[in-house]
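Enquirer: As they're listed, the protein sequences go chains A and B.
Residues 1 to 224, numbered by our numbering, are exactly what the first sequence covers, in order.
Residues 225 to 315, numbered by our numbering, are exactly what the second sequence covers, in order.
Treat the hints as calculated values from the structure; they're not laboratory data.
The reader is advised that the hints may include incorrect statements.
Stated by the list, open to error - The calculated SDA-like cross-link candidates involving lysine to any residue, where the alpha carbons are at most 20 Å apart (straight line), are:
1) B:243 <-> B:232
2) A:164 <-> B:241
3) A:43 <-> B:241
4) B:287 <-> B:241
5) A:38 <-> B:288
6) A:113 <-> B:315
Computed from a prediction, not measured in an experiment: that's the story for all the values here.
Okay, here's what each chain looks like letter by letter:
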Amino acid sequence: MAELHFIPAWFLGFNIAFEMVFMLAAALVALYSYRIYKISSQKEIKLFGISFGLLSASYFVSSIISLFFVSALEGNILAIAIHRVLNTQNIAIASYVVLLVLGYITLLYTTLKVGRKRVYGLLIALAFTAINFSFNKVFMIYFVSSLSLLFVNYHYYMEFIKRKNTNVFLTFWGMFFLFISNVIFLVQASSSATYVISHIAELIGYCFIVASLLRVIKNGKKKK
Amino acid sequence: MERKRNKLEIIKDILTVIKEKSGRIKPTHILYKSNLSHQMMKEYLEELMAKKFIKEIELKQGKTYEITSKGMNYLEEYHTVINFTNAFGLD
Chain A
1 MAELHFIPAW FLGFNIAFEM VFMLAAALVA LYSYRIYKIS SQKEIKLFGI
51 SFGLLSASYF VSSIISLFFV SALEGNILAI AIHRVLNTQN IAIASYVVLL
101 VLGYITLLYT TLKVGRKRVY GLLIALAFTA INFSFNKVFM IYFVSSLSLL
151 FVNYHYYMEF IKRKNTNVFL TFWGMFFLFI SNVIFLVQAS SSATYVISHI
201 AELIGYCFIV ASLLRVIKNG KKKK
Chain B
225 MERKRNKLEI IKDILTVIKE KSGRIKPTHI LYKSNLSHQM MKEYLEELMA
275 KKFIKEIELK QGKTYEITSK GMNYLEEYHT VINFTNAFGL D
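Bound conformation, chain A alone:
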């Protein structure tokens, strides 16, 4: 048995609220992307929307896991455990991991701008092969997501250098905090404080991303 997350007992409930906020923020980005895709018919915009749609679904599943499948460890520490048998809990965790990794890989593929389906297929195959055959699956999940977000961050940094635009600046910081929220698990996955810090970093990240989106929406209304 392995633990996906260690959660301080006092944080249970807050984590579900955080995850619901992430779900709504990611869904907002996905829905607005879909609206822009309907106008422009650009594939990159559709993929960007799909990536946030997948992330939104992963947060939904994550909140379900936090609600039903948290078990008590010693002291005031709770855990989300991965069992060796096939049960509802493991199916939920597997769904969460698949949605999360697919979301980040789709985001990476969108920002790489290669436009070849085979590359997308290769990225997915490499990510899931690495996770499946890894001795430490939890570490590999966060390694894959962190590596994807590292490249996504590089893309947004270059975009900011090119445009010097407030919106892309906000998006860059948003993606940077999402990167921090993942990379922190690589450094200290076994600490329950990591889980709290990761959630806070992710919340800051989504605040930046939603701020960027709201500025776009506001600007669009002004133009009309």
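Please build the complex by placing chain B on the supplied structure of chain A, with the hints as guidance.
Expert: Just chain B now, with coordinates in the frame of chain A:
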């Protein structure tokens, strides 16, 4: 030196040229006004037709292109699309 236009800008320029010619235009006019090579223009026109932004009409005098309501909507919402793609680095 002039900045290179991106794909969304080129689409906007083509649609604007068609709109300004009362919504219908010959390909030679598009070529002249949109500042593209013949090959590039052909590829863009095919893409715009596939995405239903324009439609091709065969007349006795030859082919003409007409802007659709979807194409008009793209022009109306162009600034929102550009703001979104700039904000999220998607162009």
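Enquirer: Take the hints in turn and mark each one as holding or not.
Expert: Hints, verified against the model:
1. Among the hinted pairs, residue 243 of chain B with residue 232 of chain B is consistent with the structure: their alpha-carbon atoms are about 16 Å apart, no more than 20 Å.
2. The hinted pair formed by residue 164 of chain A and residue 241 of chain B fails the criterion: a straight-line CA distance of about 30 Å is larger than 20 Å.
3. Restraint check for residue 43 of chain A and residue 241 of chain B: the C-alpha separation of about 24 Å exceeds 20 Å, so the hint is violated.
4. As the CA atoms of residue 287 of chain B and residue 241 of chain B are separated by approximately 16 Å, the hinted pair is consistent with the 20 Å bound.
5. For the proposed pair residue 38 of chain A and residue 288 of chain B, the alpha carbon gap of about 25 Å is over 20 Å, so the pair is violated.
6. For the given pair, residue 113 of chain A sits about 9 Å from residue 315 of chain B by alpha-carbon distance, which is consistent with the 20 Å threshold.
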